[in-house]
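Novice: Next come the chains, spelled out residue by residue.
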Amino acid sequence: MINTIAYGLTIGAILFIISIGLSLTFGTMRIVNFAHGLVYTIGAYLLVSVLPFVRNNFILGALIAVLAVIPISYVIERFVIRKLYGVSIDYAIIATYAVALIGIDAIKWIWGASPIPLSDPVGIDVSFFGITLPLYRLIIILLALIIFIALSIFFKKTMVGKIVVAALDDKDAVRSLGISVDKYFTYVFVIGSSLAALGGVLYAPITSVHPYMGMMVLLVSFAVVIIGGLGNIKGTFISAFVLGMVMAITGRFWGPAAETMVFVVMAIVLIFKPIEV
Amino acid sequence: MTKRERSDTLAIQNSTGLRSFRDILFIAAGFLVIMPVLGINRTTDFIIFSIFVMGFNILYGFMGRLSFGHMLYLGCGAYGMTLFTEHVSRNPFLAIIASICAGAIVGAILGPIVVRTTGACFALINLAFNQVGYFLVVVAFSKYTGGEDGMSVSFSKFGFIDFSNKPFKFGFVLLCLLLSYYLLRKLTSSPYGVLIKSIKENETRVKFLGYNTFVYKWITFIISTALSAFAGALSMLNYGYVTPSFIDPSRAVEVIFAALIGGAGSLYGSIIGGVIYMAISNYLASYIPRWEMFLGFTLLIVVFRFRTGVWGYVSEKFKGCTKAMPVRTS
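Just so you know, the protein sequences line up as chains R and L, in that order. Residue 124 in numbering that gives the first Met the number 0 sits at position 125 of the first sequence; the count goes up by one each step and never skips. Residue 68 in numbering that gives the first Met the number 0 sits at position 69 of the second sequence; the count goes up by one each step and never skips.
Hints are computed from structural coordinates only; laboratory data are not their basis. There's no promise every hint is true.
In silico contact screen, one side only, chain L against chain R (beta carbon under 8 Å); selected entries [what the hints assert, rightly or not]:
hint	residue
1	LEU123
2	SER249
3	LEU294
Partial chain R-side listing against chain L, Cβ under 7 Å, derived [unchecked claim]:
hint	residue
4	VAL31
5	ILE88
6	ASP89
7	TYR90
8	ILE93
9	ALA94
10	LEU100
11	ILE101
12	PHE221
13	PRO255
14	THR259
15	PHE262
16	ALA266
17	LEU269
18	ILE270
Since this is a predicted model, take the numbers as computed values, not measurements. Glycine is no exception: its CB is placed at the ideal position from the N, C-alpha and C atoms.
Chain R with its partners taken away, still in its complex shape (with noise of 0.2 Å):
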């Protein structure tokens, strides 16, 4: 029972971390970013490449991964979401699916369309309380909290944070003030998109990378940012650790059910709670 806890709690946290910037894109820009699985899958992808070149350290790696991830982001904030502000929700979501298509095909072309297994970087197991667990899984969750509390600061405290839960809630008005919203929508964007690819990095060992981990994954952190409220990061904070839960428990049960009980959960949120958007 404690295995499937910890379990949930890691997917709770790589959940967690994917999701910050689904929702703040989806908070800010009103755009559903269906791009954002690609960037979690090229993070994986190039974890891979990277590995071999820097013997196989996994944080040197990990970071190269996530860094590299930041041009090609702006790429896709720049020539693709840019352009589609203020237009109608439908057109975002086919243009960011189109984009996602276009990364699938370029990955399968590059790298090929086969799983690539990885093993634990860590390798260690730490036994507490009689049980054991591996210890990479437990940084993992402490990432999570340490991601969190980093946000939380940089939206109270710092002047890009402030201006960008402004224009959450507001947009028009913080653009009346002449601050240029759409700079910081971009930071906000490339913010999002390297935490996806961390979540990547981070998930990479736990399963293997193949071209399409992506696309369901992010399905699972639409119902998330859904059930956690668009923008908002202690709701996210909080969905993502109950759906890694209802995950958790219900693959403890009934293995192919997994996932279809996140959007059953979701179901019922949005039949009580619809958002408006």
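Fit chain L to the given chain R structure using the hints.
Specialist: Here is chain L on its own, set in the frame of chain R:
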């Protein structure tokens, strides 16, 4: 209504009737022309997909609700058809009617939950239901649906009605397309059609005019699901078997792409989009290994340059020739 107005309305109705008759001839001729080029199997496939695109477009193009899980309703039709044939009767016509009913019932049940939402929420909640439906078919009820492997059934034959005969199948499917085109055409040029287009433009105003928009949205949703189920039933009839790919949520984008490429909000556009999309995915895939990338770039171009799709672009260019075509906005 004065006498003058009435005669005007009659004239409009007459011309719509005449025009839809001409359109039907035109569509039938178009498919008969491409049939020898593409081969009878593929053309049958294309026609069925066009019906599906029309069913999707009534919801997306006319009412402005983008569903990201329309495969669920297609799958409802396909599995409804299979299960009906397996357990109740081998009569294909009864089975088609039953599967349309299945689609309509699912639409009627999910409708009240779904149609209250708009935009991204509508898209994602449909996707969520589609995921649940996929799970139910593949895992939960795999005993009845055959799970991953799917299942095949055969239909009984009466006289010349034989669904293993390819030309007959082609003719039947084409007839189904023309019938659904005609009905949708009637529907969208009626006051009801104007109303759902108005809901797309501004729902609050329609409410102010005293219409109960919820009922109209619900009915449109049911029409769309029933038509999608019809397409599902036909494709099951065409292949003779059903697999989970009929209800796979990851294929839901295909119909969106087709509707968008052809032109959202026009029935002609749906058919053209259906044919173009199927041509891309059928032929390009065998010539260009990177066809998904090609599709992605095509979509980006459509979204950024040709929002009205191929049909919208063509009818804009040749406004004189196609003045009779309905690119009317409400």
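Novice: Holds or violated: R/ALA266 as interface residue toward chain L, Cβ cutoff 7 Å?
Specialist: Since the shortest Cβ distance to chain L is 5 Å, the answer is holds.
Novice: With 8 Å as the cut and Cβ atoms as the points, is L/LEU123 at the interface with chain R?
Specialist: 6 Å, holds
Novice: Is the interface hint satisfied for R/ILE101? The criterion is a beta-carbon contact with chain L at less than 7 Å.
Specialist: With a minimum Cβ separation of about 4 Å from chain L (threshold 7 Å), the hint on R/ILE101 holds.
Novice: Should the hint that R/ILE93 touches chain L count as held when the rule is a Cβ pair under 7 Å?
Specialist: At about 6 Å, which falls below the 7 Å cut-off, the nearest Cβ of chain L leaves the hint on R/ILE93 intact, so it holds.
Novice: Using Cβ atoms only, decide whether L/SER249 comes closer than 8 Å to chain R, and label the hint accordingly.
Specialist: Result: holds, 7 Å to nearest chain R Cβ.
Novice: Does R/LEU100 hold up as a contact with chain L if the rule is Cβ-Cβ below 7 Å?
Specialist: 4 Å, holds
Novice: Going by Cβ atoms only, is R/PHE221 closer than 7 Å to chain L?
Specialist: Nearest chain L Cβ about 6 Å off; hint holds.
Novice: When the nearest CB of chain L is found for R/ALA94, is that gap smaller than 7 Å?
Specialist: 5 Å, holds
Novice: Less than 7 Å between beta-carbons is the criterion; does R/VAL31 satisfy it with respect to chain L?
Specialist: 5 Å, holds
Novice: With a cut-off of 7 Å on the beta carbons, see whether R/ILE270 makes it to chain L.
Specialist: 5 Å, holds
Novice: Interface hint check: R/PRO255, Cβ to nearest Cβ on chain L, cutoff 7 Å. Holds or violated?
Specialist: 4 Å, holds
Novice: Taking 7 Å as the limit, does the beta-carbon of R/THR259 come near enough to a beta-carbon in chain L?
Specialist: Holds - the Cβ of R/THR259 comes within 7 Å of chain L, reaching about 4 Å at its closest.
No hint from the list above goes unmet by this structure.
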